[in-house]
Every structure is written in C-alpha cells, then in structure tokens.
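Colleague: So you can see what is in the structure, the chains are spelled out below.
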Amino acid sequence: MALFSSSKRQLVFRMSIYLCGFFLLWEWLRPLETLTDTGSLSAFVLYTGFCFIISVLNMKWWLSVPLKLGGLLFVLDGLFISETMFSKGWFYLLYLHLQYNFEMISRQNWTEITPLFRSLLFLILLWLMSYLMYYWFVISKRIFLFVLLTFIYLTVLDTFTAYEANTPIVRAFIVSLIALGVSNFYKELGREAVTFTGLKRVSAWVLPLAAVIAFSSLVGFAAPKLDPQWPDPVPYLTSTSPDAGFGEEGTGGVQKVGYGEDDSRLGGSFVQDDSLVFQAQVEEKHYWRIETKDIYTGKGWERSTEPEYNLTSDGSIDFDTIESTVETESLQGIVTFQSNAFFSKLVYPYGIKQVEGEEGVNYLVDDQFGSIAVEAPEEQGIVDQYQISYDKPSYSIDLLSEAGDEDPQAIKDDYLQLPEDLPDRVGNLAGQIVSEEETRYDQVKAVEQYFNRNGFVYQTEDVAVPGRNQDYVDQFLFETKAGYCDNYSTSMTVMLRTLGIPARWVKGFTGGELASASDDSIEGLNNYKVTNSNAHSWVEVYFPEVGWVPFEPTQGFSNPVDFYRDVNQEEDSPDTDEAAEQEEQERPGNQQEVGADEDESAAEGDANVQFTDGWNWTVAVVAAVLVGAAVIIYLTRYHWMSAWVRRKFHHQQTPQVYQEAYLFLLKLLTHKGMGRQEGQTLREYAFQVDKRFESQDMVRLTHQYERMLYRNETDSAQWGDITELWENLIKRALS
Amino acid sequence: MTQHAFLYNSKISKVLRNINQVIVGKDEPATLSLVALLAEGHVLLEDVPGVGKTMLVRTLAKSLDCDFKRIQFTPDLLPSDVTGVSIYNPKELEFEFRGGPILGNIVLADEINRTSPKTQSALLEGMEENSVTVDGNTIELKHPFFVMATQNPIEYEGTYPLPEAQLDRFLLKLKMGYPTAQEELQMLEKTSKTHPINDIEAVIDKEELVTIQREVKEVYMDQNVQRYIIDIVTGTREHRGAYLGVSPRGSIALMKAAKAYAYIHDRDYVLPDDVKYLAPFVLAHRIILTSEAKFEGITAEMIIEELLSNASIPVRKEYS
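Residue numbers (this note's numbering), protein chains in the order written: chain V, 1 to 735; chain W, 1001 to 1320.
Since the hints were made in silico from the structure, they are not lab data. Be careful, since some hints might not be right.
Stated by the list, open to error - Simulated pairs of lysine-lysine, DSS-like, Cα-Cα distance not exceeding 27 Å: (1) W:Lys-1317 x V:Lys-648; (2) V:Lys-667 x W:Lys-1317; (3) W:Lys-1317 x V:Lys-672.
The task is simple: from the sequences and hints, build the whole structure.
Modeller: Here it is as structure tokens:
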C-alpha cells in the first residue's frame, strides 16, 4: 500500500511539473501567431500537448516514436494535403514535397521552401522540445533555466516587437512559481526521505504554496509599478546605427517611414516607425490602396495632371480598375483612423464600392489616380471612422494569359510614359528578362520574379539616392541592387513600360498585423493594426478585358490579391500556358492555392522584415531544429553513451571493455555529483556510492574490477553478474 | 571467494580471537602486530604505561607456541645482558656460551629507551643482522625472530631516546591508546577473578609460522600498486615539512607490510587500500621533520595524511 501511494505520488508530481512545462512552452508558441505568418497555431499546440502526453506516459521508444510520427503526419495532412491520408497520391505528394525541398535546401534557395516543409521542421522541433522539456523538468528536475529563458523571451518580444506580453508574463509568472514550488518540494522529498502516507497529507504543503503564489501574484499585480526607467531601446538602437544615404544631392539623409504625398525624389534610408495609423476590421488581410502615380521623372513619381475630384452621391464609388470578367467576392469592413494620424485621403481595398462615414462628410473621388478625399464640416474635424463595402477581386490566370495586348489608346497615352534620358540598358535588361515569355502575364511575372533571383537585397538602411545625372531605376538595377519597396516597384513599372506594357505605380499600406479584437468589434471580422511601418508601394499592370492587376516585386512580400487557375481548363489545354505551368510545378501543393501559398511564405509590412521575412523564418526554423537536436544530443549524452557501452559490453567480454565500462560508470557518477576524490580508493568510493543508492552493487562490481586491476586476472564465470551489476548501477545513476 | 593456496590463513583469525579475549578493543594494534610478525619485521609500541603493551606481546607469544623472552631495559643493563655471555666451566675447563634473551623467537624489549645507547644497539644490531657477535663469535638468532619493543614517551628524565636513523629498524610504530569506557568495564569484569591470559592456548607452532611467512611473500602486488607506493614515498622526500624523507628501505617495508595485511584479510593480492591504511604506521617514524614544521605543530602523520589524500589511486590499466 505504501509502495503504491509513493509511486502514485511520484506520478502526480511528475505530471504537475510537466504540465507547467507545457504551459510555459505554450507561452513560447503564442507570439508566433502575431509576429510571424504562422497560421493554425492550435494544431501546433495540440501536437505539442500530444507529444507531452506520450512522454509522460513513459512508453517504450518503439511505441512512442511511431505515435509521435503518426501525429506529425496527421497534422501535416490536416493542414496541407487534401488527398486521403496514406493513399497513393498522398504519399506521392509528400514525396514530391520532400524531394523539392531538399533540392531547394541543397541549393540554399531558402525562400523557395514550401510551407509544408517548414511546418514539418517546426513540428520536429516541437517534438524535440517535448523531449527536452521532459528531460529538464522530470528527469533532471532543473527547471529554472527554462523559466528564466521564458521570461527573457517574453520581455524581449514585448520590447522589440508588436507583441504585447502584459498578460502572458503574468501567466508565465504564476506557472513558473507553481513549477518551481512543486519541483523544489519533489527534490526535498527525495533528499530528506520525508514520507507522506497518502495524497491527502500533501495538501498540508500544497495549500501554503497556493497561498504564497496567489498572494505574490496579487501583490505583483496590484502594487504600483515604476514607469520604465530607461527610454524605449528601439529608437535608441536605430538612431545609433550608422546613417545612410550617399547621394550627391537630393533629399538624402534618413527619413521616417510612412505615407507621404511627395514622391518626386525617391531614395535614401529610413528609420522604422511603429506608430499606429489606422485599424481595420475586415475578414481577410489585404493591401490598402491610396492613390496611383503615372509620371516617372527619373528621380521619382509625379502626377500628369492635378486630380479632378468629383463629389459622390451617397458615398458609392466606382473606380473602373477591373472589368466585369473578373471574379469578385462582396465583403465589408470598418476602418478607424488613429486620432493623431492626419490623412486627407482615405485608404481602401481593391474593389471598393461604397464608403459610409459620419453624417455631413462628403467624399470626393478622383477617378484617374484612384484617390478618395474627404471634406468634413469645420466643426466636425477630421474623419476618424468609416465603413467600407467592396468586391474583393481574384484573377484567373487563364484569363490573364489570354488577355492579349490590344490596349485602349487612352491607357497607352497615360501609362507608357518614360523620361527621355532613361538609360537604354534598362530597356535592354527588360527585353532580356522577357525574351522567352510569350504572353503579357508571363512577361509581367518574369519581371516580378527577376528581383528574387539576381542578388537583390531588401534593406532600409544604406539606401542610395540617385545623383544629379543618375536615374533612380538605373542606379538600383545596375549599381546598388539594394533598397526597399519604392526601388522595386518603380523599377518594375519602368521596365514594363519599356516593353510597351501599360503599368502604374501604387501607394498605400500593407495589411498590417492581427491584433486582439477591440470592444466594439464585429463578429466574424478580424482586427488589423496598420502602422507607419506598413507604408508600401507596388505595381499595377493593365490587361485588356481584365483591367488593372496588382503585382508585388518587392522581396519578402507577396502579391496582395489571389490568382487562381481554372482546374478543368488546365486539364483541357495543358499546352496553352507553358511558362505558367512550369511555375506551378515548382511549387507542389494544392493547385488552387497558389496565391495563398505565396502569402504564407512572404511578409507583412515594409518595415517588419526581421520577423516576417519568409527567408529568415525558414532559416530560423532549420537552425532551431539543428540547435535543438544538438542540445538534446548533448544533454542526453550519458544515455546514448551508456547504450553504446552496454552494446559493446554485451558483444565483447574482455578486460579492456570491462575497464571502459567501469570508467564510464565513474564518469557518469561524477556527472551526477558523486565524484571520486583523488586520494579515494575504489573500495572506499564504492561504499560511498552504495550508501547513497542503498545497495551492494557498486561494492560487488568494484571487487571484480579490483581483481582485474590489481590481481591481473578476470573470472569469466562472473561475467554475467558483472554485466548485470553494471547495468543496474547505470540505470540507477541515470534515473 | 578465491582459490589461492594459503594453508594457515584460518589460524590467523584464531590468534586475533585470542588477543581479543585478553585485551579488549585493541583489534588494530593486534592486527598490526601480526602484520609485522608475518612480514618478518619488528614493532615499536609507544604509549603510556598500563595500556596493555606488554599484555599484547605476551598474548601474542602465548598464542604462537614460540620461545618467548623478555628484557626489561634499565640504565645499568649491559649489552651482554641482551646477547649473552661466555662463562668458564670449571668441569669442562673451557668457556661456554650462555645465550641472552635475544635468542628467543619472540622478544619483548620493555622500555627500550631507558637503557644506554650501547645496550640499545646490541638489540638493534641483532634485529638488523639476524645474528649477534659475542667474544668474536657470530651467533645466529632463532627463526622466526620477532621483537616488540615498547617505550614510554612521557618520561624523559634518565632516558636515552632512540636515534632517528635507527628507528627504521622497526617495520611499524604503533600506539595503543586508552580503551573506551565500555571496553574498560568489560576488561574489569574479565580480570576480576583470574587473568584471561592463563586460559588461552597456542594455535600456531613455529613451523607453521615459518610457512605463513613464506606464503606472505607470495602475495601478488601489481605494478600499478607499486607505483602508488613510490608516489607516496617520493612525496615524503619532496615535502617541505620533511627534513629527511622516507628511504627506499621504507618503500620495501611498506610493500612487505601491505602483503602481510592482504594475507591476513584472506586476499592473495594487494589493494591500494592496504597501502593507504598502513602508510602512517610504516612511514611516520621514518620521517624527520624540519624545525619549522615542528614549531608549527606539524607531525609526520599529518604529512602522510596530506600525501595520501593527493596521491592518485590507480584506476586503470594500460592494455596494449
């Protein structure tokens, strides 16, 4: 009875410590949803929990490994693979993925790694973590390091990213206190050999612990707190970094990121600015358009004419950016401007149909440049909230491929303009890029993809400003190859124009970051925070019978709108669109989700590259898996080393192996804090070890070893005994 | 446990049991005395009077069925009182040698520091050479030959301390120490009517003892244990507290003693444990301290203790 209750008690302690470990690890996972493009976080959390349960049940490895692997495949199947699980096609798809990704890894083509593979790596990392946590929390009962790391992680994220760790840190605090308390008690029990006759008595200790935790949490929560004693380190760090801009003249210097009216002189570095511009409650994340520009001057963008604003009746808006052939989906949303962010123009999604704000506000629409201005009565001040209705477009790749190149004259007049002194090599380069492409869509995609493959670097610091006789696009394409969205979008627009493809430059914001819902949020809509760092520019290309289609040349960003392919049509005419198909094949996966695929791999806001860039994210996961594996191998070195020695011991019964095994045992015991002192004889040491283990094994094993060492003889009849004694001791030392 | 061919090993424990009957709680000096006996060495017992030094020797002698002689050293004792004299025999008309007490198998030299150096050296020479010279004739001593000398460290008046260089004639130097209260009580009870020494019987005869001494030499000592001995001994020579360290004779003594100790414990090979245990008894009296060390209160035992805790125990063997 006593034995039963003791093992049961042990199980309860193990479970509670390990559960705390799970909650702490969960705190590590939570920010991923906010900071990265990780979707389906719950699947990852569930898988982590699954691994934890398997670990705590202490199964044999031949049972636990297949279970965990099965769970891993199940999660991947649910997230990425539409085929029936374990069907022929399923395996084939998985095989294709693995083959493709290993190829990409071998080419160090990190950006091309598919989401499935990244998720696979991440799941393996979680698997390793579950084991690592089991080792830390249950076996070695050393949890402080992980607790400390958790706090450092949360505070760093809170300081340097948009992640708000106010609640998480309180949760982590409480969980950590519980974990530390329980593990300390557990250790104390072992050391002092205190015996509790049953679980009931434990309450004598659990109650004070609970009281202490509750009290300290409450005091910590309610007590007055000092304001930050140091200034926010982010602006400090960015301000001390070397300033950029090496233009001979022009604006130069460092600007602050954000939306501005004047784009006549582009270039130069900027610093991040995370201040909020507006919040949007919409169903899905998408880009926010403000206006377009049509005249490229060689230094920046200007308008060909002054905007002509027309008052709209009842707020309905009809920009004719897309033709009726394009599929749309009707959606609604609310935009709320930050009161201190003054804007004379509204932000709106593609396919905007209607704007509705407060009473008495007039909306002025300029059709040519696609801008919406507001005119509010004097006493009302600026507009701070308005509702939008829009038909979100998604473009058929087949339709785009068939679009042809018969542009209306008006479009040709306005959107093929180029400065007279544009160097010829820009046009030549564009010609080279598209030399093998036939359709306009393929040509545009080729130019869009060009930047990904030819050594271009996304950076916001040390960005050049064109000199007096230099062209902004020419400088970026041939000299610096480093810059941000304006460089990429302007270059693409200009290159397309040299090819005779009408294109224009668009300004606005990216989709922002998912934030917790505010009080007045509407059911079914997500709340996105858009900051100055999300200011962005991209490209629109005209396709006859389709209209203006946005493209995204900037590295680390993905095209804001969905492209789809009609599956039946593709099967009917496989040869019509060779290039496009080729691209499809490069990315195995669900054929209909090409757009979505890209979305996941790419980034968010212009300025948040560090945490959102797909490239970094993949490298980080690969590195984390490798580091995690290395750490586990290191921490469990005595486990696998003892397995190795045991194997050797079984196969080869020689004095040499016996000596190796015995010395390994000494090393292991030293590692466990039972080291032999220099002048201590083996026999004295064996007594000491046996006293600790309450056994006779070490003395018996040592007697045999002494005979070998000091008598120079081994008794082969004893070999079985020796092996058994050694294994017992190893087990005891490792437990 | 082991299948070695020691014949008389079991008898050793009988001797120890005998001693334990007579002197309560003196297992350690008893065992160590046996170590010296089996290793063909001699013992110097140093302690205050009345703790059982003489009783220990007498019990040992009685258990061994050997010729036991006792010399009480006094300042007026002459060398010839130890070695013996030639006396004129009027009947035979010639000198006849009458052997002294040194011609016994087991000799108790009581209060050895009370006699003159001349007489002391007569004994010490015998211990070293296994023979004595009387009137120009060399007389072989008996075999086995075992001397247990005692000295009283308290009284200095009228004593002649043994020269340090001669102390290493003794294999071991022991202290008896007082018994615990419990042991003393037990002792009073035992001796209240008759002394228990009258009840004990000899368990080993002379021939058996010689065989045992030969067997002890057969005990195996591995090279790595020998190296351990060398480590300790050379340590004493390099220690800053030692004016003179242990001589090679000390290394040999330690080896012999360790073999005997292993034999007593029914083992046919020597452990570092044996060496470590015996080192203070074998080596301490062979170290001469510097005057600074003496002034600081450092003893030879402390030096050996320090060396033992630093000397590395051999735990691996080199396999080619």
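Colleague: Now tell me if each hint is right for this structure.
Modeller: Each hint, compared with the structure:
1. For the given pair, W:Lys-1317 sits about 19 Å from V:Lys-648 by alpha-carbon distance, which is consistent with the 27 Å threshold.
2. For a cut-off of 27 Å, the pair hint linking V:Lys-667 to W:Lys-1317 stands: about 16 Å separates their Cα positions.
3. This hinted pair checks out: W:Lys-1317 and V:Lys-672 have alpha carbons roughly 25 Å apart, not beyond 27 Å.
Of the numbered hints given earlier, the model fails none.
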